[in-house]
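J.: What follows is the residue order along each chain.
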Amino acid sequence: MIEATSTAAQPRAARPALEQGRLTWSGLALTVYAVLIYLFLYLPIAILALFSFTRDQFGVRWTGFTLDWYLRLFANQRLMGATLNTLYVALVSTFVATVLGTLLAMALERHRFRGRTTVDTLIHLPIVIPEIVMAVALLAFSALVFDLIRLLTDEIVRRSLTTVIIGHIAFSVSFVVVVVRTSLKNFDRRLEEAAADLGANGWNVFWRVTFPLILPGVIGGALLAFTLSLDDFIISLFLSGPGTSLLPVEVYNKVRRAVTPEINAISTLMLVLSITLVVLSQSVQRRQ
Amino acid sequence: MALNALEHERRRRERRTLAVLLTPGLLWLMLFFAFPLVIILVYSFMTNGPRGNIVWQFTPGNYIDLFTRSIYVNAYLRSIWISILTTVICLLLGYPLALFIVRQPPRWRTVLLFLVLIPFWTNFLVRIYAWQILLANNGLINSFLSALGLPPLKLLNTEWATLLGLVYGELPFMVLPIYAALDRFDFTLMEAAADLGASKRRAFWRVMLPITMPGVAAGSVLVFIPTIGQFVVSELLGGAKVDYLGNLIQRLFLRSNPPNWPLGSAMAMAMMLVLIVLILIYFRATSEEDR
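Residue numbers (the working numbering), protein chains in the order written: chain A, 1 to 288; chain B, 1 to 291.
Just chain B, with the same shape it has in the complex (with noise of 0.2 Å):
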């Protein structure tokens, strides 16, 4: 009797302390970030009206504008096809990268690593503006140019200079993934598959590349969830000469007059769209105990 007390009273501590540990942090992100992305899926079915104001009103109207508008259908699909380009570039930079690491010794491996992780961490807007500076009008690589003799280039406000922004920014959110994986690759056997007969090439596709899968997906997900919202760095470097999702939620939002928040909050939503299905295909692509 006295021992099922002693449990009981064992429990009723252990529940209050779960409820003083839980109970700030969740009431804060249910009140100021789940609640919030409610509302915004509310908007998205409302209707915008003539001052900006929000008119109570259900409608459809903001989705098939989306989806039928030229100006914002070319948005959608011009973001996913330039976090599609960036995130590719990006994987295709970043593993070669990540295997040279791994091939280190110890000692130079956390260097290096080191080395990758700081950009990662340092401002994401100082990292882009340097570009700027390269790829002006008058710009170093234009001087380094006509030193040569040769005939300047337009490098700034183009959408290459919005895609090279996007991969130097991202780059190493592919890279420490891709690293962790390698890193507890088992080497050897790649020379297992050599004495099986197969080439360095084989052996890569065959049991490399299978088995670091889950970083290449990891990789990939960070790497696109950044790009499909940009629009700093198509504002930078690209001019804003078309507009992505991102340029268009900004103008919604903030700039136009007036504002348009139930058009804006589809466009956040059809985003949310893009990821819920490539997180989805994360989750097929990896096995429980890879994450």
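Next up, chain A with everything else stripped away, as it sits in the complex (with noise of 0.2 Å):
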């Protein structure tokens, strides 16, 4: 009986050292994986940053440090205007995709009602399909409703940054729908119960109580949203106009041809700011 404990004892004793991971051989060769995975992860992103800032003009190798590649890129028109059209599109569907996704968060998560299941699948379908799909059917979809404008006014409308706004707000819905849910989720509905048992009616109620304690949630969501819609490069090829350019379709077509340092330089500042804005929704999220 004494026997039987201790032996089972001894792999107890062991234990914390496999769970930290350390000191056992495959610990070791499990920390070394690891940390090759993650110079994969990150090497190719420091190495861009780091050949911004090279005097090699085809932006490849290292050949001292100079910040001209960046002051080209603030005096390029061209560029700045796609940056501002980038950022115009990401405020205007950030906003619209936010508002519809709170709205469908509520009704899903504080409803019962027919036909629930299929509203949730619809929501969560434009995450499973492939943006390429989505991208020519909106393309598709958009042409036809310009062919009967055209039919019908005689005025000529064509693809332009309103478009790409349609489509940006179509996909983001889904993800704000998700991160909103969640906080949702972890909501205490007595606080709700206490307002409407003060007095508060049901728009008071949203306002003063449910909307302030799940703002981190719609906080988190419009980020997403935001970042997504900076990100997207493929609805953004499909659905813009010729005229209208955007940042990553610029910077697309520019890396087609080759590697130059400023296309180093911009998309430099992409990941800075795509960076910051991860920093930031996690903080906010966290601070639930």
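Rather than coming from a laboratory, the hints here were simulated on the basis of the structure.
Some hints could be false.
Lysine to any residue pairs mimicking SDA-like chemistry, simulated, CA-CA at most 20 Å apart [unchecked claim]: (1) LYS154/B with ARG257/A; (2) LYS200/B with GLU250/A; (3) LYS241/B with ASN137/B; (4) LYS200/B with PRO210/B; (5) LYS254/A with GLY241/A; (6) LYS185/A with ALA180/B; (7) LYS241/B with VAL73/B; (8) LYS254/A with LYS200/B; (9) LYS200/B with SER26/A; (10) LYS241/B with LEU155/B; (11) LYS200/B with LEU73/A; (12) LYS200/B with ALA29/A; (13) LYS254/A with ALA240/B; (14) LYS254/A with LEU73/A.
Put the complex together from the two separate chains, hints included.
T.: Shown next as structure tokens:
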């Protein structure tokens, strides 16, 4: 009996070391492996950032430090215009997607109704459908609508920033719903009941109690939608018109030709912006 | 009677609230998501006119072309094949990483997971472009090789580069769901298996992997979906030497003269078909509560 307990205790004594993933050969191998994977993830972007400061005109080797490429970037009217377009599209689509997504999240999380599963599926579809399918579908749809407008009013309508915004909203609504629902799940509904008992009407309960409490989730969803819109390339490529340039599309057109330090510079700025937004959205959501 | 009226009023109000919450978002998704998909479904059965206009005449010809002409069949099979390869490699690379993160102290776990999350939310195009710098003929890897006195390698514009770019781009999608599954996994089960005489390897295959399977399935679906429609990676790193479905769709819609939207729509539908099959398998593989 005593022997049995002592042998059973042995692996238990060894457990902390095992769980820490250290001190054992397999743990060490796993650590080395993880370091290599993190290097794999970060080395390319680190080098991209580094080479935005190189003097080398091909931007693929280190020949000395310069800020020229950044200065050229800010003097490039076309790129600056594209940047403004991209920010405008992101701001408008984020606002609409956040409003629509928050309303949908409230409906799905708070109400039981017929067809709820169908609505739930429809909302999740944009996440699981390849973006290129969504892009061609929206392109075909807009062409059809434009033809119809021309037939009815003789007015010629073309793809523009508006068509891009519509596309961005269509996919980011789903992501907003997912994020806002999480914060509604952790919500204590007794707070709303208490407010109602104290005489607040539905409108007041929402604005004074519910909304402030789910605000971190709403902001998290909005930042996510914003990042998605800034980064989106495929829908922007298919839905932007000939005269309206967007940053990722400009970058794509340049990158297809060759590597240049100017592109390294704009890419670095895009990376810095995305990373800032991710860090921001994480810290907002963590505060919940 | 009064109570009944009150209840009635409450229900009426409830319905009105629900309508206000649901209508705007649902209308948007029906109009700008579901309806456009129906349009390309219809287009896929239409005839392409000589100037790239759509002739409203039913034909199954686009699908017949897609499944008989070698250029399209090859693109279809090649897309499925590279997506499977990417998914498997991401799984082999991602599972150990998720396992490593889960075994760290909680404070470190958040940081390490966050480090995986950052590339996940940074511009895909930029991340793929970063590899051009490394793989270019006069790029960093080749400079390194020549410094060692080795001959340069042709790295950029190969299918290997496409595969590399895809794995690099999609790896975070695999790590996150597997991490979530491992986080819920009870590691004392591994000790129980060891106590019962199972080797580490056997305990992994018979206990840990089956229990964390939903995470593996979710990660695989999340990696497979974007890779099946990709065209950016093969254009930037693969030199667009061989065609995948995504490249053909993009060309048929945007670049060819005349364009061929019906055929492009049929290809988009064929891509959805692969995904529907995949998602059905996923639903079979995981039970309701695991999702």
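J.: Tell me the numbers of any earlier hints that the structure contravenes, in ascending order.
T.: Of the numbered hints given earlier, those the structure breaks are 2, 8, 11, listed in rising order.
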